[in-house]
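A.B. asks: Residue numbers (the UniProt record's numbering), protein chains in the order written: chain H, 1 to 389; chain Y, 1 to 389.
Calculated directly from the structure, the hints in this document are not laboratory data. Keep in mind that this is a model prediction, so the values were computed, not measured. We put the CB at the ideal spot given by N, CA and C, even for glycine. Some hints here could point you the wrong way.
[Claimed, not checked] Here are the simulated lysine-lysine pairs, DSS-like style, with alpha carbons at most 27 Å apart: (1) Y:Lys12 with H:Lys79; (2) Y:Lys12 with Y:Lys220; (3) H:Lys307 with Y:Lys40; (4) H:Lys309 with Y:Lys120; (5) Y:Lys79 with Y:Lys154; (6) Y:Lys12 with H:Lys341; (7) Y:Lys341 with H:Lys101; (8) Y:Lys309 with Y:Lys6; (9) H:Lys104 with H:Lys309; (10) Y:Lys40 with H:Lys40; (11) Y:Lys220 with H:Lys40; (12) Y:Lys341 with H:Lys40; (13) Y:Lys40 with Y:Lys307; (14) Y:Lys307 with H:Lys79; (15) Y:Lys79 with H:Lys307; (16) H:Lys101 with H:Lys79; (17) H:Lys79 with Y:Lys79; (18) H:Lys120 with Y:Lys341; (19) H:Lys120 with Y:Lys154; (20) H:Lys120 with Y:Lys309; (21) Y:Lys120 with H:Lys341.
[Unchecked claim] These stretches of chain H come out as covered by chain Y in the derived footprint (C-beta under 8 Å, 3 or more residues): (22) 68-75; (23) 79-85; (24) 200-207; (25) 259-269; (26) 277-289.
Protein chains: 2
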Amino acid sequence: MFKLLKTDDKTKARRGQLTTAHGVIQTPIFMPVGTQGTVKTLHPDDLVDLGSQIILGNTYHLNLRPGLDVIRAAQGLHKFSSWDMPILTDSGGFQVWSLAKLRKISEEGVAFANHLDGSKMMLSPESSMEIQATLGSDIAMLFDECPPYPCDEKYAADSLALTTRWAKRCKQWHEENRSSIVPWQLDNSLIANPTEVSRQLAFGIVQGSTYADLREQSAKELIEIGFDGYAVGGISVGEPEYEMIRAIDNAVPHLPQDKPRYAMGLGTPPQMLEMIARGVDMFDCVMPTRVARHGLAFTHDGPIHIKNKEFELDQRPLTETTHPSVARFSRSYIRHLWRAKEMLALRLLSFHNLHFYLQLMEQAREAIDNGNFTEFKDAFIARYTANSK
Amino acid sequence: MFKLLKTDDKTKARRGQLTTAHGVIQTPIFMPVGTQGTVKTLHPDDLVDLGSQIILGNTYHLNLRPGLDVIRAAQGLHKFSSWDMPILTDSGGFQVWSLAKLRKISEEGVAFANHLDGSKMMLSPESSMEIQATLGSDIAMLFDECPPYPCDEKYAADSLALTTRWAKRCKQWHEENRSSIVPWQLDNSLIANPTEVSRQLAFGIVQGSTYADLREQSAKELIEIGFDGYAVGGISVGEPEYEMIRAIDNAVPHLPQDKPRYAMGLGTPPQMLEMIARGVDMFDCVMPTRVARHGLAFTHDGPIHIKNKEFELDQRPLTETTHPSVARFSRSYIRHLWRAKEMLALRLLSFHNLHFYLQLMEQAREAIDNGNFTEFKDAFIARYTANSK
């Protein structure tokens, strides 16, 4: 259930709130990624300290390991991972394309050999929705085909047609089965702080590659089927940044004002601000935690590599506005932890980078509320890119 | 400054409190090991949550990396690692024996090639004390020679004589220089919560290998030099458990009642209780955090390996009395994190194991206060060993 609160006068940037079974989310929002049922290196208490409103879980990974028997025994992913707030699960479609081997696509779904032990598996619209219902996420994504980049128009059109047929099957399975198969999907007594929404939401995914008419067609077909929100997919697959922005420009104008819009798998801080300016409400990305594990910290002057010699005696915190839990440590100390291969380095950098992303979203929301989003965006990007190393 | 509060009637177990510049410590006590200026996987806030009263830092490691220039720029190890409570530093002697290569011992000290890049270095009584003063620890250990096990009587006697001569040089350097070289060693304005003790304490280390008369001689010689506390060294070097206990039995009776006694590098939960029963006040050990990184969790029924299949669907916490921050997770979930190679597994197991050790010390203190330490010890060991796997 999405409520549009305010639209910025000069851009299409907007403030909204999305109500899910496990809580109300303020948008624009960034969702930390908990691929395997945990946001890497962090405790759920850390995510609460960070003000994280929702996290993302990966259907492909969780279905492989620990597997649904383990999730069922725990009564869903929330209880399994001790996270009481909203969870969005992806459909597994993207990972099948990026990780699995020997993929074979048919009308039925995708047969593949998984990346862990090569076992043959199948994901279909129905099985993806069933797994997501078993996980008990607050928001399920439909099972789509994610075309590669570049992609010729014929392939993109055929792929889009298949995604639309799969979207119908997802919707049908979801309507008919989600409440009967797993009690924790509907039973409010199992939720610590239930809201008026006592069902799993389902989001459609707009495909169509780089073709404006296909993006428009995809959006219209999905809207006709009817979803609780709409994502833009098929981006962050190796395309240049201008194509990423164009995909948003080609899709968002055809999406309804009264539903949330989600750009999947993005992005850098400037990219997210550019997309907010185009009316995007939701983001997810592994980047803040992944680059942390490579020693990179986000700052308002662009990212820095903590391993660099220049930080050897630097007594300043990573940034002036980082969370107190990280601000108490100097760059000098974190560099030492990094060089000494101490896990606390990865934990502090992950925490800091997520704080940077979540703080950016908070500032974006405030700027929209205050009617100065354009000024905020331009100033942030100017400083971020001017000094970027 | 040590104050003996109570002695158990049936054993030599005792309650005391040790005042250092950064705070008052209740004994018996366990000190988590922060080899490289961090207790592996944990944030200082975690250590406060765990009720850790003091941590240990390693002179050998910190002198190599980050090096004293970095520590000086931060004004000592407390500020560098953002830890406001007491720190004990070892002398580096043990690591020279266990890690360094091409060791050459002389009256002056030990020349060696370090384990990181093979550079030639030297540690002497004076340099060890100077490093420890620069680190600014609350308790410094004298620089000793740690003889191997087994060790013939001639070697043990010669080594002991050298350790005594080094102890005198340590004491002399410490008296003459500790306050003049590094301001953060004496300046109470640099300490968040200073106590009446505004100097670095220094502990002697009793050596003598497995020979009762040498242990007695070592204790008497060190007492004559005069230290703020006395450790039993040369244990946990590969000897069988009965030799470890015998070393304590040979040393402790010769140590003064009004100074703290520290058994270095120990031990398992039953071993620590046996040593508390013999009048030992302080312990340190890498075991709780090291075995955590191998998937082992301490329980009252002995250690368990979280990777075992039997925990796949086990919805119970690691133990009934673990910290709430860990108790919220099932064994099933932690096993999943372990199998998925998620760092949170190492963090939760490290946190839990330290909680187990620190809780054991708290229970030992309570039992001594209540006059039922023997019953507590016997019941704990009976359950721990009966079901040990």
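A.B. asks: Taking a Cβ-Cβ distance under 8 Å as contact, does the stretch 79-85 of chain H have three or more residues in contact with chain Y?
C.D. replies: Three-residue rule met by the stretch 79-85 of chain H, so holds; n is 3.
A.B. asks: Would you check the hint for H:Lys309 and Y:Lys120, treating anything up to 27 Å between C-alpha atoms as holding?
C.D. replies: 23 Å, holds
A.B. asks: According to a criterion of three or more residues whose C-beta lies within less than 8 Å of a C-beta of chain Y, is the stretch 277-289 of chain H covered?
C.D. replies: violated (count 0)
A.B. asks: Are the Cα atoms of H:Lys120 and Y:Lys309 separated by 27 Å or less?
C.D. replies: 23 Å, holds
A.B. asks: Would you check chain Y against the stretch 200-207 of chain H, counting CB to CB pairs closer than 8 Å, and say if three or more residues qualify?
C.D. replies: Not satisfied, violated; 0 residues make the cut.
A.B. asks: Check the hint pairing Y:Lys40 with Y:Lys307 against an upper bound of 27 Å on the C-alpha distance.
C.D. replies: 20 Å, holds
A.B. asks: Going straight from one Cα to the other, do H:Lys120 and Y:Lys154 come out at no more than 27 Å?
C.D. replies: 68 Å, violated
A.B. asks: For the pair supplied as a hint, Y:Lys220 and H:Lys40, confirm whether the alpha-carbon distance does not exceed 27 Å.
C.D. replies: 53 Å, violated
A.B. asks: For Y:Lys79 and Y:Lys154, compute the direct alpha-carbon distance and say whether it is at most 27 Å.
C.D. replies: 45 Å, violated
A.B. asks: Has the given pair, H:Lys307 with Y:Lys40, been kept, meaning a C-alpha gap of at most 27 Å?
C.D. replies: 19 Å, holds
A.B. asks: So if I understand the rule, the pair passes when the alpha-carbon distance is 27 Å or less; does Y:Lys341 with H:Lys40 pass?
C.D. replies: 10 Å, holds
A.B. asks: Assess, step by step, whether the Cα of Y:Lys40 is no farther than 27 Å from the Cα of H:Lys40, and give holds or violated.
C.D. replies: 16 Å, holds
The structure does not agree with the numbered hints 1, 5, 6, 8, 9, 11, 16, 17, 19, 24, 25 and 26 stated previously, though it agrees with the rest.
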